Amino acid sequence: MKETGNILFSGVGGQGILLASEVTAYSLLGAGYDVKKSEVHGMAQRGGSVTAQLRFGKKVYSPLIEPGCADILMAFEMMEASRYAEYLHKDTKVIVNTQKILPPAVATGQMAYPDDVLANLRELGITVVEVDAFEIAKQVGEPKTANVVMVGAMSAFLPVDPKNYIQVIETRVKEQFRDVNLKAFEAGRNASK
Amino acid sequence: MVTADDPEMHSSQNEQDNRNYALAAKVPMLEPSEPQEVKEFMRIAYELSEELDTPVMMRMTTRVSHVKGVVTPDERREGPVERKIEKVPSKLVMLPAMAKTRRVYVEERMIKCCEIAETAPYNRIERGDNSKGFITGGVSYLYVKEAFPEASVLKLGMCWPLPENLIREFAASVDTLYVVEELDPFIETQLKAMGIKCIGKEVIPNQGELNTDIVRRAIDPTATKELFAAPKLPNRPPNMCAGCPHRGIFFNLSRMNVFVSGDIGCYTLGFLPPLSAMDACVCMGASVSMAHGMQKALEGAHNKIVSVIGDSTFVHTGINGLINTVYNNSASTLIILDNRITAMTGQQPNPASGSNIKGEAANALDFVALCKAVGVKHVFEVNPHDVVNTRQVLKDAIELEEMSVVISKAPCVLLPEMKRKKKIPLFTVRENCVGCTSCIRLGCPAISWTSFKDADEAEARGYKRKQKGFSSINEDHCLGCGQCASLCKFNAITKREE
Ligand SMILES: Cc1ncc(C[n+]2csc(CCOP(=O)(O)OP(=O)(O)O)c2C)c(N)n1
Ligand code: SF4
Chain B
1 MKETGNILFS GVGGQGILLA SEVTAYSLLG AGYDVKKSEV HGMAQRGGSV
51 TAQLRFGKKV YSPLIEPGCA DILMAFEMME ASRYAEYLHK DTKVIVNTQK
101 ILPPAVATGQ MAYPDDVLAN LRELGITVVE VDAFEIAKQV GEPKTANVVM
151 VGAMSAFLPV DPKNYIQVIE TRVKEQFRDV NLKAFEAGRN ASK
Chain L
1001 MVTADDPEMH SSQNEQDNRN YALAAKVPML EPSEPQEVKE FMRIAYELSE
1051 ELDTPVMMRM TTRVSHVKGV VTPDERREGP VERKIEKVPS KLVMLPAMAK
1101 TRRVYVEERM IKCCEIAETA PYNRIERGDN SKGFITGGVS YLYVKEAFPE
1151 ASVLKLGMCW PLPENLIREF AASVDTLYVV EELDPFIETQ LKAMGIKCIG
1201 KEVIPNQGEL NTDIVRRAID PTATKELFAA PKLPNRPPNM CAGCPHRGIF
1251 FNLSRMNVFV SGDIGCYTLG FLPPLSAMDA CVCMGASVSM AHGMQKALEG
1301 AHNKIVSVIG DSTFVHTGIN GLINTVYNNS ASTLIILDNR ITAMTGQQPN
1351 PASGSNIKGE AANALDFVAL CKAVGVKHVF EVNPHDVVNT RQVLKDAIEL
1401 EEMSVVISKA PCVLLPEMKR KKKIPLFTVR ENCVGCTSCI RLGCPAISWT
1451 SFKDADEAEA RGYKRKQKGF SSINEDHCLG CGQCASLCKF NAITKREE
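Each protein sequence line maps, in turn, to chains B and L.
Position 152 of the first sequence, counting from 1, maps to 152 under the working numbering, and the rest follow consecutively.
Count along the second sequence starting at 1, add 1000, and that's the number in the working numbering.
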């Protein structure tokens, strides 16, 4: 990892991206890094494309990732793995939830869902880690924990002890959802190994 | 007073630079760069306000407001403020005689504030390599620090008034002086008025937000890099939720030959295809006043103009437009979308909700009584989920020669009590679907379309050869609002047995 690490989160409004970026940010803080995080809500909710940007390092100035500088892309939906391609570089790790959520033009039959997204990223030399987060979350017992499955999958690529994540989940998630989220984290971590 | 500008218009209709208000109002303005400073500057703002007896403004921008970072708390200090009523007419009653004295004070206050700005720690020089010097503030400071970490920087924590001596000293100490700021050339214009040579908006964009890359390339055009290009992908615009009551209204409007004067809220999404039923939208409350103006300009067009406004926005600035419309004998139809909440901005209660921001019970504004009180004779209430009946009520209201109001009454599906309600989703009876696409045209995220490859496939699946496909409902997403069922003439959409 260079001076600062950059994580870009992309997905669809309602997938719990903000919570995932929050858990990641606190875990990095716990590991002693300076962290900045930026996201824009507004019109991005209601099923639109959503991004969150997280930067960490010894000292982080700008909250925004520069084009070509994302070290990790966490794509919560397959197509959203390539919408922000200008942020990627050859050594970016793309961790992608292979779930498909159809945008309106596809749902109404006017356009086809692009099925070659991941192959095209690999062709550029980018490492793509596929995680069936939705399926794993269902197995764990709560489909809504797909976001934490993704955090688990990413955790294998960050210089942070898993204990930090577990502590964050234990302190920040409501008691009734704690156990299932811990399981989701573990399952996600195992899935990307 | 905290004010937030939205360079890039991530969720705004305009890109105004609110620093101009501080100049116009002759009040100091602080501009923090990041979360820690936001906290520190707030305390400084209160201190300045007490010391100078002035309002103080704080300018935030998107990437200061929508950012999280590490903040170290200070020790809490309780202020000496005593709660009491104080009568100070010389300051509080601005009749000309008093205002004239106050006017003199305002200028003295600005002079004092300039003196403070010269030595305040938040206006500081960070000395580096003097071949390039930057004057900057707010979030732009962070981009400068990343793009040119070696350069000398004058960071202005107070963007109005400016510390002229400090600026002159800094300008004289560097070879080339740059001013980096988002939006207007606010600091730059002041520097140029002082006769200081600097480079600003010649290279730094005056629109959109900045970032490290933009700042670096603006100053060093050779600093380009090869980037991967994003492939062409289907857009993913936001959409109203499955079961959103607004959809029933916009579906009907999309089928009427009227000009829809719209407003700000979730319902602004009624502009997007397939509904495409909004013809104007500017700022909160404008729907009503624009419709009023149009009717006056286009005599006889009253049954061609409809304005649409949310409950919260109506209470905010729609009421005055309605009073004005009735008073000036205008006629058109106003639709108030009463979903009981301020949905778009995150479910804040409003005066029509029946509860306040603390969750306590509060008066729920009676829209029917209110509209009657301001002189509207024709007030209707509809259930927007009954799409067919709503169409009839809208038609009747629009036909009238006098002002009419239609209140669309159905709660937002994200209200906590709606989320707790048991959902009975609908499903499509495949064999009954004739592929007419009536339901598809609602643009509901729970309804999708499957095309047949060709006539043979249609036939093989048991449909007529000319049928192009069929629609289906995702039962995980459907809340059972029934809008699609009320449109389907072929009994192809129905509820599961309970
Ligand atoms: C001029 C202006 N002020 C404030 C906002 C922020 N804003 C966006 S939507 C909204 C309120 C919407 O509430 P309502 O009219 O009840 O519609 P709903 O979202 O519930 O459908 C506000 C205040 C804005 N976009 N523009
Ligand atoms: S949040 Fe409420 S008002 Fe907004 S789109 Fe969803 S249902 Fe409609």
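Treat the hints with caution; some may be incorrect.
As the list claims (entries may be wrong) - Label pairs and their calculated CB-CB ranges: (1) E86(B) - I1116(L): 51 to 57 angstroms; (2) Q167(B) - K1197(L): 51 to 57 angstroms; (3) E1075(L) - E86(B): 34 to 40 angstroms; (4) G109(B) - A1301(L): 33 to 39 angstroms; (5) H1010(L) - P114(B): 51 to 57 angstroms; (6) K1395(L) - G109(B): 27 to 33 angstroms; (7) Q167(B) - A1460(L): 55 to 61 angstroms; (8) K144(B) - Q1207(L): 57 to 63 angstroms; (9) E86(B) - T1003(L): 30 to 36 angstroms.
Said to hold, decoys possible - Capping the alpha-carbon separation at 25 angstroms, the derived lysine-lysine pairs in PhoX-like fashion look like this: (10) K1421(L) - K144(B); (11) K1468(L) - K100(B); (12) K174(B) - K1358(L); (13) K93(B) - K59(B); (14) K59(B) - K1132(L); (15) K93(B) - K1232(L); (16) K90(B) - K1489(L); (17) K93(B) - K1132(L); (18) K1419(L) - K138(B); (19) K1068(L) - K163(B); (20) K1453(L) - K100(B); (21) K138(B) - K1409(L); (22) K174(B) - K1489(L); (23) K174(B) - K1132(L); (24) K90(B) - K1358(L); (25) K1422(L) - K138(B); (26) K1395(L) - K1453(L).
Keep in mind that the hints were calculated from the coordinates and are not lab data.
In this text, all values refer to a predicted model and were calculated from it rather than measured experimentally.
We put the beta carbon where it would ideally sit given N, CA and C, even for glycine.
Do the hints match the structure? See the list:
{"no.": "1", "hint": "E86(B) - I1116(L): 51 to 57 angstroms", "verdict": "44 angstroms, violated"}
{"no.": "2", "hint": "Q167(B) - K1197(L): 51 to 57 angstroms", "verdict": "55 angstroms, holds"}
{"no.": "3", "hint": "E1075(L) - E86(B): 34 to 40 angstroms", "verdict": "45 angstroms, violated"}
{"no.": "4", "hint": "G109(B) - A1301(L): 33 to 39 angstroms", "verdict": "37 angstroms, holds"}
{"no.": "5", "hint": "H1010(L) - P114(B): 51 to 57 angstroms", "verdict": "26 angstroms, violated"}
{"no.": "6", "hint": "K1395(L) - G109(B): 27 to 33 angstroms", "verdict": "31 angstroms, holds"}
{"no.": "7", "hint": "Q167(B) - A1460(L): 55 to 61 angstroms", "verdict": "57 angstroms, holds"}
{"no.": "8", "hint": "K144(B) - Q1207(L): 57 to 63 angstroms", "verdict": "40 angstroms, violated"}
{"no.": "9", "hint": "E86(B) - T1003(L): 30 to 36 angstroms", "verdict": "32 angstroms, holds"}
{"no.": "10", "hint": "K1421(L) - K144(B)", "verdict": "19 angstroms, holds"}
{"no.": "11", "hint": "K1468(L) - K100(B)", "verdict": "24 angstroms, holds"}
{"no.": "12", "hint": "K174(B) - K1358(L)", "verdict": "21 angstroms, holds"}
{"no.": "13", "hint": "K93(B) - K59(B)", "verdict": "23 angstroms, holds"}
{"no.": "14", "hint": "K59(B) - K1132(L)", "verdict": "23 angstroms, holds"}
{"no.": "15", "hint": "K93(B) - K1232(L)", "verdict": "22 angstroms, holds"}
{"no.": "16", "hint": "K90(B) - K1489(L)", "verdict": "54 angstroms, violated"}
{"no.": "17", "hint": "K93(B) - K1132(L)", "verdict": "36 angstroms, violated"}
{"no.": "18", "hint": "K1419(L) - K138(B)", "verdict": "21 angstroms, holds"}
{"no.": "19", "hint": "K1068(L) - K163(B)", "verdict": "23 angstroms, holds"}
{"no.": "20", "hint": "K1453(L) - K100(B)", "verdict": "22 angstroms, holds"}
{"no.": "21", "hint": "K138(B) - K1409(L)", "verdict": "37 angstroms, violated"}
{"no.": "22", "hint": "K174(B) - K1489(L)", "verdict": "46 angstroms, violated"}
{"no.": "23", "hint": "K174(B) - K1132(L)", "verdict": "51 angstroms, violated"}
{"no.": "24", "hint": "K90(B) - K1358(L)", "verdict": "50 angstroms, violated"}
{"no.": "25", "hint": "K1422(L) - K138(B)", "verdict": "21 angstroms, holds"}
{"no.": "26", "hint": "K1395(L) - K1453(L)", "verdict": "40 angstroms, violated"}
In the structure shown, a violation is registered for the earlier hints numbered 1, 3, 5, 8, 16, 17, 21, 22, 23, 24 and 26, in ascending order.
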